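My request is simple: use the sequences and hints to build the entire structure.
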Amino acid sequence: MVEPATSTIEQLSLGDYASIIGLIITLVGFAVTIYNVKKSRSSSEQAKESVNKMQSDLRRIDTVTDLTSAINLADEIKTLQRTNAWELVPEKYSELRKKLISVRESEKALNEDHQKFIQGSITQFSSSEKDIDVHLKNKTSPDSSKLNFLVSKHADNLQSVLVSLKVEIGNNYEL
Amino acid sequence: MSYEKLAKIAELLYERTKNNNIKWEATESHDVFQASFSHSSVRIEETQNKFNRHETDIEITVINEDGEVVEQFTDEDISELLEKSYQKNGGYTKKARRDALGVDVTLDEIIEVLSSTDNNLIDDDDF
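First to last, the sequence lines map onto chains A and B.
Counting in the working numbering, the first sequence runs from 1 upward without gaps.
Counting in the working numbering, the second sequence runs from 1001 upward without gaps.
In short, the hints are calculated from the structure, not lab data.
These figures come from a predicted structure and were not determined experimentally.
Among the hints, a few may not be true.
Straight-line C-alpha distance at most 20 Å; calculated EDC-like pairs for lysine to aspartate or glutamate [said to hold, decoys possible]:
hint, chain 1, residue 1, chain 2, residue 2
1, A, Lys116, B, Glu1028
2, B, Lys1050, B, Glu1076
3, A, Lys153, B, Glu1076
4, A, Lys98, A, Glu45
5, A, Lys146, B, Glu1045
6, A, Lys130, B, Glu1068
7, A, Lys98, B, Asp1066
8, A, Lys98, B, Glu1065
9, B, Lys1005, B, Asp1077
10, B, Lys1095, B, Glu1080
11, A, Lys98, A, Asp75
Below you can see the structure in the form of structure tokens.
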């Protein structure tokens, strides 16, 4: 009973077909495995990328908070200057300058224009602080309108940096 | 003090100012102007010559990323390295003042508005 069956298989070359089919199934399986491996690697990379973007956004939110606080401090300085509370002003300028240095150091994604705005403000506020210190020492009165004009001008520049940073938050994600 | 570097800075500032390739800003002093880069700034100011009070020097101040003054020199200090530095610097402080105060932008706008108004007046005229 076995012999006729073997003979039939030989006659029809069913062994060859089986080998070919086996090979095809193996190749398809291999392709599917490669596809799945790639897919899982891609998913893992995407997850890693999302985590990086989220970390970047969290840093940016901190920067936005610091920059908002710096702009509020600039408003406070204007009020102090307007009311001639000069003894309190140098310390505020120093605090403002430190905040801006911190913003620049923490946010590496600032473009060149933003960096120039921040550097310009740091330079001006540092100089205004020294100018007021000299006036206090000499017991003379600084020019409050000129100093307030400069604070406003630099605060406007910082505001434009703030708006750009706010717009970038969450912009990395695909919906 | 590296006078070669200072002379180079003075020369490049002059070139950039001449070519409208630097942004000068007003400061707390009406005759001091500043330009900022990513991590540094410079200020220029006309000062009285130390030896001849009838002559004017140009003082350039270099400021670091923290807003601290790190270098200060006049065109007199670099006169041996930069030929006719006074003439060069003297020309560009005037230009810096015009840039910082937005003189040219303002003048251009006024000319544009006046030209436009002038046309309207002519159009509206019953001649």
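To see whether the hints hold, each was checked on the structure:
no.	hint	verdict
1	A:Lys116 with B:Glu1028	holds (18 Å)
2	B:Lys1050 with B:Glu1076	holds (10 Å)
3	A:Lys153 with B:Glu1076	violated (33 Å)
4	A:Lys98 with A:Glu45	violated (38 Å)
5	A:Lys146 with B:Glu1045	holds (18 Å)
6	A:Lys130 with B:Glu1068	holds (10 Å)
7	A:Lys98 with B:Asp1066	holds (8 Å)
8	A:Lys98 with B:Glu1065	holds (11 Å)
9	B:Lys1005 with B:Asp1077	holds (12 Å)
10	B:Lys1095 with B:Glu1080	violated (24 Å)
11	A:Lys98 with A:Asp75	holds (16 Å)
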